[in-house]
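K.L.:
The residues making up each chain are set out below.
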Amino acid sequence: MTEFIKQHRLFAVYTALVILLVLVAIFAPQLAPQDPFDGNMRNVLQQPSDEHIFGTDKLGRDTFSRIICGTQTSLFMTICVVVLLAIVGGVVGVVSGYFGGKVEMILMRIADMMLAFPGVVLAIAIAGILGGSIVNTILALLAVGWAKYARLVRSLVIKLRHNDYIIAAQVNGTKTINILWRHILPNILPMIVITGAMDIGTMMMEIAGLSFLGFGAQPPTPEWGLMLNEGRQYIQTAPWLMIYPGAAIFVVVAIFNLWGDALRDVLDPRHDS
Amino acid sequence: MKRLIHRATQMLVTLLGVSFITFCLAYLAPGDPVAMLLESADTIVSEEVLEKTRAELGLDKPFLVQYGNWLAGALQGDMGMSYSAKKPVTEKLSEGFVGTLLLAFVTIVFVLLISLPLGIWSAVRQNEWPDYVVRFFAFIGVSMPSFWLGLMLLYVFGLKLGWFPIASSTITAKGIVLPALTLAIYQSTKYVRQVRTVILDELHQDYVIGARARGLSESTILWKHVLPNAVLPLITLLGMSIGWLLGGVAVIEIVFSWPGIGNMAVRAIMMRDYPLIEGFVLWIAIVYMVINFLVDLSYTWLDPKLRRGEQH
Chain A
4 MTEFIKQHRL
14 FAVYTALVIL
24 LVLVAIFAPQ
34 LAPQDPFDGN
44 MRNVLQQPSD
54 EHIFGTDKLG
64 RDTFSRIICG
74 TQTSLFMTIC
84 VVVLLAIVGG
94 VVGVVSGYFG
104 GKVEMILMRI
114 ADMMLAFPGV
124 VLAIAIAGIL
134 GGSIVNTILA
144 LLAVGWAKYA
154 RLVRSLVIKL
164 RHNDYIIAAQ
174 VNGTKTINIL
184 WRHILPNILP
194 MIVITGAMDI
204 GTMMMEIAGL
214 SFLGFGAQPP
224 TPEWGLMLNE
234 GRQYIQTAPW
244 LMIYPGAAIF
254 VVVAIFNLWG
264 DALRDVLDPR
274 HDS
Chain B
5 MKRLIHRATQ
15 MLVTLLGVSF
25 ITFCLAYLAP
35 GDPVAMLLES
45 ADTIVSEEVL
55 EKTRAELGLD
65 KPFLVQYGNW
75 LAGALQGDMG
85 MSYSAKKPVT
95 EKLSEGFVGT
105 LLLAFVTIVF
115 VLLISLPLGI
125 WSAVRQNEWP
135 DYVVRFFAFI
145 GVSMPSFWLG
155 LMLLYVFGLK
165 LGWFPIASST
175 ITAKGIVLPA
185 LTLAIYQSTK
195 YVRQVRTVIL
205 DELHQDYVIG
215 ARARGLSEST
225 ILWKHVLPNA
235 VLPLITLLGM
245 SIGWLLGGVA
255 VIEIVFSWPG
265 IGNMAVRAIM
275 MRDYPLIEGF
285 VLWIAIVYMV
295 INFLVDLSYT
305 WLDPKLRRGE
315 QH
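Chains A and B are the protein sequences, given in the same order. Residue numbers for the first sequence follow this note's numbering, beginning at 4 and rising by one. Residue numbers for the second sequence follow this note's numbering, beginning at 5 and rising by one.
Check the hints yourself; a few may be wrong.
Stated by the list, open to error - Simulated DEER-style distance windows between Cβ atoms:
| no. | chain 1 | residue 1 | chain 2 | residue 2 | range |
| --- | --- | --- | --- | --- | --- |
| 1 | B | Tyr303 | A | Ile109 | 25 to 31 Å |
| 2 | B | Leu306 | A | Met4 | 51 to 57 Å |
| 3 | A | His11 | B | Glu95 | 43 to 49 Å |
| 4 | A | Thr177 | B | Val17 | 36 to 42 Å |
| 5 | A | Leu23 | B | Leu68 | 28 to 34 Å |
Keep in mind the hints are simulated off the structure, nothing from the lab. Because the structure is a prediction, the values reported are computed rather than measured. From the three backbone atoms N, C-alpha and C, an ideal C-beta is built for every residue, glycine too.
Produce the entire structure from the sequences given, and follow the hints as far as they go.
P.N.:
See the structure below:
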């Protein structure tokens, strides 16, 4: 363990930061100094002060508390999207790569169709038409993103399929499900994890973007994109309402991007950076 | 030729698929566009009027018939009427597209002005301070949400310094600077890295060593030999971001109230103006594919190896 940390110092530092963020997200309600939903009309649009270090919004809610609780919303949505992407893309990729045939052709035609179209536009259309909500945002990003993972997994599986040890397992009469589970999955998992980890930052920004347009989380949910959208109207009188939520997105996305890069270097040493 | 036909069929299938998905979504979505349309003026509308309007708009027909009718119209260049603007969808689309096209053009100019010099500088002085500075800013840019960058620029240059208008609902020369700059900074963070990688790759080629051995000056090598070779990979990248920009960068257009196609699409979604949304998605699909196709063609045209390869 200590040996590993010594060898991958940067990765260890970034992992510690990521763990810290996850802890903040989990314990957000306890950490927030004030209730993020509790407005006080006597405290509307207060400047940052000792009591409210990031000021208050149009309903007198404490911005700092809302940003802390926003970590929970943001992290939860992002992790849902990335995990579901990996699962859906992984299953489609394994099925089409291992079994081939007509199923592969149809699935890959659909994947090509999705890849030949700007994802953000489709995500906006899907989330917008279905109506803004946390679930619909996750669905929209899933609908747009699975094709990339399916393509990646399929190409990995095709490379593996013709290896001698897989053929040996087939000849020995190993059940297909066991081959997939014991021989294919462990070999493709590192690449899926790397891709997923490197996508966390991007997904987080897209989620915030959708909420900013009003097609994501709905008020009064504390969500950074939504807070920016609400704060935008007060750019003249209360700039802190747009400065801090945006800074929160920036810092968290930066940490996850650094962590993703470091994770790739650890799991895939052949990749030259 | 065979490749062309293959590409064309693939494009057609994608267009059909994408339009079908949007149509399905609109059909299944909650909210009644007819009620939205008629009740916008705070009046309560009787069920009879609703039924009559539905029949007029063809919304009472079964789903596949509706899709078939729409497709037949779209093939003839008629994408129906926008519910909210009471104008043909094609007219609304072309209105919005002017703004988006202008914004995309200015953005690309900014992107090239920012990323080419920085990328080249950082490659030539690899692992020295200019390289570190450029790479640091590229990293910061990648993690920064574009709409926040836009808001901050708006706050500093629009509000505090007053150099640029805060909102420009019409197309003006001053109004285009901030949105284009925001998009360009955001895009440049990707380009700078790419330019740097491409130039570094070229600098390590044998012909560069050869040129140095012949005593050519470093600047001649860079400008006459390295840069022309670096053009090809950059064209793909440029093509991709032109496609992305012409898709209407809704978030930035909203931040700066820029009258583009993305801004229009977001409003159409909020008003449940389905013909306009469907027209928008189809339009984006077409633009995106045409540009990908052009990028492919430019490859064959610019790369002598590929050009000769086709004649065999």
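K.L.:
Decide, hint by hint, whether the structure agrees.
P.N.:
Hints and how they fare:
no.: 1; hint: Tyr303/B with Ile109/A: 25 to 31 Å; result: 29 Å, holds
no.: 2; hint: Leu306/B with Met4/A: 51 to 57 Å; result: 53 Å, holds
no.: 3; hint: His11/A with Glu95/B: 43 to 49 Å; result: 59 Å, violated
no.: 4; hint: Thr177/A with Val17/B: 36 to 42 Å; result: 38 Å, holds
no.: 5; hint: Leu23/A with Leu68/B: 28 to 34 Å; result: 54 Å, violated
The structure fails hints 3 and 5 (numbered hints given earlier, in ascending order).
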